[in-house]
Amino acid sequence: MSHARCYHCDDAIPAGCDLVAEIDGQAQPMCCLGCVAAAEFIAGAGLAGFYRQREAASAAALRPDDRTWRDFDDPQVAGQFVVARDEAVSEATVYVGDLYCPACIWLVTEILEVIPGVDAVAANPASRRITVSWRTDTVSLGTLLARIAAVGFKPEPVTPGQTSDGERNDYRLAIRRLVVAGIFGMQAMMFAIGLYSGEFQGMTDGMRDLLAFASLVVTLPIVAYAAVPFYRGAWLGIVQRQPGMDVPVTLAIGIALVASVLATFRGGDVYYDSVAMFVTLLCLSRFLEMRARHRADDRAEAMANMLPAAVSRVGQDGREERVARAAVQTRDQLRFTAGDVVAADGVILHGALDVDESIMTGEAEPVARAAGDRVLAGTRVIAGGAVVEVAETGASTQLAEIARLIERAQGDRGALQGTADRIASWFVMAVIAIASVTALVWWQLAPERVLPIVLSVLIVACPCALALATPTALASSAANLSRRGILLVRARLLEAMRSGAVIVLDKTGTLTRGAPEIADETRYLDADAARCRAIAAALEADSGHVLAQAFTAGTDDRVTLDTPPEIHVGRGVSGRIDGKIYRIGKRAFVAETGAALSPIAPESGIYLADEERVLARYTVRDALRDDASQTIQALVRLGFEPVIASGDHPAAVAEIAARVGISRHHADLSPADKLELVRRERAAGRRVIMIGDGVNDAPVLAAADASIAIGNGAALARASADAILLGHHLGPLRALADISARTRRVIAQSLAWAAGYNLLAVSVATLGFVAPWMAAIGMSASSLIVVANALRLNRDPSARADEGDLSTGERPAEVVA
Amino acid sequence: MNILYLLIPLALMLLVVFVGLFFWATRSGQFDDLDSPAMRPVLDDDRAPRRSAPGDS
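Protein chains in written order, with my numbering: chain Z, 504 to 1320; chain U, 498 to 554.
Hints in this document: simulated from the structure, not taken from any laboratory. In this text, a Cβ means the ideal position worked out from N, Cα and C, and glycines have one as well. Among these hints, one or two may not hold up.
[To be verified] Derived CB-CB ranges, DEER-like: (1) U:LEU518 / Z:ALA1251: 42 to 48 Å; (2) U:LEU531 / Z:ASP1031: 57 to 63 Å; (3) Z:ASP622 / U:ASN499: 49 to 55 Å; (4) Z:THR840 / U:LEU518: 35 to 41 Å; (5) Z:ARG1001 / U:LEU531: 31 to 37 Å; (6) Z:ASP640 / U:PHE528: 28 to 34 Å; (7) Z:SER1166 / U:PHE528: 48 to 54 Å; (8) Z:ASP772 / U:PHE528: 32 to 38 Å; (9) Z:ARG1248 / U:LEU518: 42 to 48 Å; (10) U:PHE528 / Z:MET689: 16 to 22 Å; (11) Z:GLU525 / U:LEU531: 32 to 38 Å; (12) Z:ALA1284 / U:PHE528: 25 to 31 Å; (13) Z:LEU943 / U:LEU531: 44 to 50 Å; (14) Z:GLY1164 / U:LEU531: 42 to 48 Å.
Using the sequences and the hints given, assemble the complete structure.
In structure tokens form, the structure reads like this:
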């Protein structure tokens, strides 16, 4: 398997390509010169360990575009992103989208650290950001970004206000709270052991007071610092009339503390250790939950990063200057050429463009736009050049409109999640009611026992195990999934991924690779097939067109153009090879040369012609992902119902549907139509799982019960999905179905155990048979059982060989390791 | 046992010092990345022989 894929980027190697790069003394296959350069650069820097340690190959390598990075050398452009630390040192934060695994983080930080002039590099994998500071007289931001790009990642500098400082601070606060609770809690436990053994062996009152007082001192930071979020949560729950788990937690902490403080000064049992252990375990479960949540959240940047940081503005005097995108205003005139991403919505004044609008429409084929036509922010220019008058910028672009659609759809979804909270609040009410009744009854029977018994009830009933059951199971299965190439963002996916669910798939980029292949080839006048393809490839390659890949795939021949090709926007390409002019493109374009063309030759397809005759006609189609039909069949057997929802032509959709074996398919859908389809299915009471990759899918991803984005899709799609499929295969979906089922089973077991334990323990405790310390131990033991149960999810049952072959096959890096 | 009257306050003081150090460490970002530092020793090991290899042969 590994010889068919590029060792660097994991893309398929075109037939006939025999490029290799030497890594650790071994020749490894490469798919293109770009990958060879990147791999040799990595190996040359002594960093070849990256290939053995990475978890998944980074998404397809980007075509290096120097100009993009040179823009960041311009102080005006860089100024948006750079913070001056002092006169000589600047700092910037860079978001690197594919930074999922530790090896990637290591590689990127090392690559930067070896650059002279770089002061410090810090990575934050939770938000996939790298903060780098450098001496401004030695090196520039553009150089640093180019360096990151050179190893195949896509650096995106973030503006200082836009960095997720909030998220980072939350994380730091959480880890501090956890450590404070843990460390002080350990001390409290030590003193408690002293106190308990003192009870049995006898100790002086002075010693008892010392130990009790020391316990109080170490418990105070826990109660006053580590447990603060619980008080806040409890208060909010009460104010919003939806009390959650935080209410009994706060009550238990409060009562235990008051009782213990009284006992410290008046004599009696202290429960500081129970408080400490209780808070520590709760902090731990919240911390784990937070880490899982932060890991793949890129919402804030997703929007802004799709647009270029700098654009060429044409001044009134006709001179062009590079300006920061933020400085662009309505009625400005901007120039875009091949390779650019359009920065604002506008109208073409003069010139013509071939624009890839797949980001808005999902359609892979470029669209021709001429003077007077509208172009949209976020779309990519494939060929041509034009001056565009800006009509809308920033928040008023259609791209921003799509982002708002997503937000609204996510709002809808939030309402559903309230159900779980309502169940929790019933549980809480019940606990408080039981505790109050117990207090009242014991008040009548033996007033001096009220405090310890109520405390025992509250601690025993503490939904600790209940609270831990879900997050630990999720963390465990998320770890398992990430090994198989799925990054789990939100847990709802595991809940929704059950038999009977409708799986709505986008076509382009999801079922297909988004890269074309040649479906049909007709040659005229016995032209040589390989040579035709080679000519076509050469013409297309230099024009930066995606079609080039399709032609190079079938041939070993290589031809070179005498001069750079001429691009005729919306029609085709012409170029000179061995003194002859060749044309490739639409029928009408090719016919212009006067090349003899049979009148029955169909309108569609791509024609190749030399000066006097037509050589060949090709039809291209989108290449299916290798394991698409296998995976779909497997999902159907598991009881899922796949549906294709595409923005493409009905014929193309029907063809793909037939190839993968999906009977329900919808074509010609706009993002709004897709949204409607999902809503209709949900209204019919079915669960909907959406799988897509483009910006146009993003609102639908957000509206479905759960959603999965393809890793190399648009950032916006990733941001609104519940899971991200890394790599180029759909196979991991089968593992996902299996792990989802196991996770639900484990959660159910743990919840049943925790609820059963709580019910039993609470009834015993209300009768006064449980001392608070016993309650604390029982609570911890039940939590440990729940955690142990959850850890089972991280193991793979070896019997599942049918998944094993898929998940190892797609990760050559691990095989080597 | 009376030594405890000294040792316990001492332990508490050490605790305060530790927590102070820990807060400083989190503020300077040392705990922001809990995943990749674990990789460093592993990776550094196989990087060393590569660098010294030309000298050996």
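The hints, checked one at a time:
1. U:LEU518 / Z:ALA1251: 42 to 48 Å: 43 Å, holds
2. U:LEU531 / Z:ASP1031: 57 to 63 Å: 59 Å, holds
3. Z:ASP622 / U:ASN499: 49 to 55 Å: 53 Å, holds
4. Z:THR840 / U:LEU518: 35 to 41 Å: Cβ of Z:THR840 to Cβ of U:LEU518: about 55 Å, so the range 35 to 41 Å is violated.
5. Z:ARG1001 / U:LEU531: 31 to 37 Å: For Z:ARG1001 and U:LEU531 the Cβ distance comes to about 33 Å; the hint holds.
6. Z:ASP640 / U:PHE528: 28 to 34 Å: Holds, at about 32 Å.
7. Z:SER1166 / U:PHE528: 48 to 54 Å: 52 Å, holds
8. Z:ASP772 / U:PHE528: 32 to 38 Å: 37 Å, holds
9. Z:ARG1248 / U:LEU518: 42 to 48 Å: With Cβ atoms ~44 Å apart, the hint holds.
10. U:PHE528 / Z:MET689: 16 to 22 Å: Holds, at about 19 Å.
11. Z:GLU525 / U:LEU531: 32 to 38 Å: 34 Å, holds
12. Z:ALA1284 / U:PHE528: 25 to 31 Å: The hint (25 to 31 Å, Cβ to Cβ) holds, given that Z:ALA1284 and U:PHE528 are roughly 30 Å apart.
13. Z:LEU943 / U:LEU531: 44 to 50 Å: 48 Å, holds
14. Z:GLY1164 / U:LEU531: 42 to 48 Å: 44 Å, holds
Violated hint for the displayed structure: number 4, the only one.
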